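Colleague: Just so we're aligned, residue 0 is where the sequence shown starts under numbering that gives the first Met the number 0, counting upward by one.
No lab work stands behind these hints: they were computed from the structure.
If you're wondering where the values come from, they're calculated on a predicted model, not measured in any experiment.
You may find that some hints are simply not true.
Restraint ranges, calculated between C-beta atoms of paired labels, are given here [said to hold, decoys possible]: (1) A206 with P70: 21 to 29 Å; (2) R283 with W135: 21 to 29 Å; (3) F207 with H255: 15 to 23 Å; (4) P165 with R73: 32 to 40 Å; (5) R190 with T109: 35 to 43 Å.
Even glycine gets a Cβ: it sits at the ideal position worked out from N, Cα and C.
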Amino acid sequence: MASGRVLNGLSVDVEDWYQVGAFEKVIERDTWDKLPDRVSDNVVRILDMFAEADVKATFFTLGWVASRHGPLMRRITDAGHEMASHGWDHARVHGMDRRAFAEDLHRARTTLEDATGERVIGYRAPSFSIDQRTPWAYEVLAEQGYAYSSSVAPVVHDHYGWPKAPRFAFRPLDHNSLVEIPVTTAILGGRRVAAGGGGFFRVLPYAFSRWAIRQVNQHENRPAVFYFHPWEIDPDQPRVSNAPMRSRLRHYTNLHRMASKLEGLVRDFDWCRMDQIAHREAGRAQQVAA
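Sequences are here, hints too, so could you generate the full structure?
Modeller: Here it is in structure tokens:
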């Protein structure tokens with residue numbers, strides 16, 4: 000059972016099965032509206048799971064999804080969860096310039112706030128795409144009034160990563176209180192390893208995630224930041240047969256086991272929304288220039 004000593008950040012990146020980075024080169028954005036929509040049913044399953052476990056979370060949601068599922072957005076916030084931005088249509092930050100990023104942020108946030116009637120103060124970059132290539136991104140977030148970001152994976156990875164970034168909360172700007180809260184890593188054999196969810200959680204034994212979160216909580220006295228996607232609890236989703244083999248392996252492995260693993264995770268640790276983590280971590284977030 001949960002120790003009650005450290006609250007961890009629980010988050011859901013709300014995108015449908017065809018909007019993931021792994022398929023971005025084989026599924027065109029202009030076909031999205033023609034594909035089977037499965038995100039709503041999967042989010043409802045997640046809401047039921049969270050209600051059963053009595054936990055609250057943050058839903059980093061694409062503006063594109065929110066524009067088509069307004070009642071679902073309100074259902075999320077009515078249940079006490081936080082609504083935050085995942086950008087408009089899963090475009091990576093390092094693929095945009097400063098102006099395009101600002102427009103993407105504004106469009107998504109306006110749609111999310113119109114759908115929920117609540118202010119959006121958090122952001123997560125698609126595919127953790129804020130890194131050493133985008134030092135201007137935090138300035139744009141600050142200009143638009145965001146309080147926190149959770150957009151950095153401080154690891155080496157072929158799909159994303161900023162390996163030299165701090166492992167825990169930091170302030171990337173010296174003139175603004177914006178806090179970056181990286182997704183969780185653990186130390187294994189003297190090296191950082193990804194331990195914050197997604198494909199790693201599906202592929203590796205649950206015992207690894209339990210060990211990693213306990214390491215962060217008990218030995219480092221810091222909150223873990225965990226994320227997953229609605230499509231990860233959906234083993235019956237359509238298969239993208241023309242995607243690269245590596246992408247298919249990453250996307251489809253252990254989908255049938257994900258829901259039960261998540262049920263164990265939400266029982267074994269204490270969880271809260273990411274805005275609460277941002278507030279708690281702000282006082283000890285180190286100043287690190289992006």
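Colleague: The structure should be examined with respect to each hint, and the outcome stated for every one.
Modeller: Structure-based check of each hint:
Range check, A206 to P70: about 39 Å between beta-carbon atoms, so the 21 to 29 Å window is missed. In this structure the supplied range 21 to 29 Å holds for R283 paired with W135, their Cβ-Cβ distance being about 26 Å. Under the hint 15 to 23 Å, the C-beta atoms of F207 and H255, about 19 Å apart, fit the expected range. Our hint of 32 to 40 Å for P165 and R73 holds, since their Cβ atoms are close to 36 Å apart.
The hinted window of 35 to 43 Å between R190 and T109 holds, with their beta carbons roughly 42 Å apart.
Violated hints amount to a single one, hint 1; each of the other numbered hints is respected by the structure.
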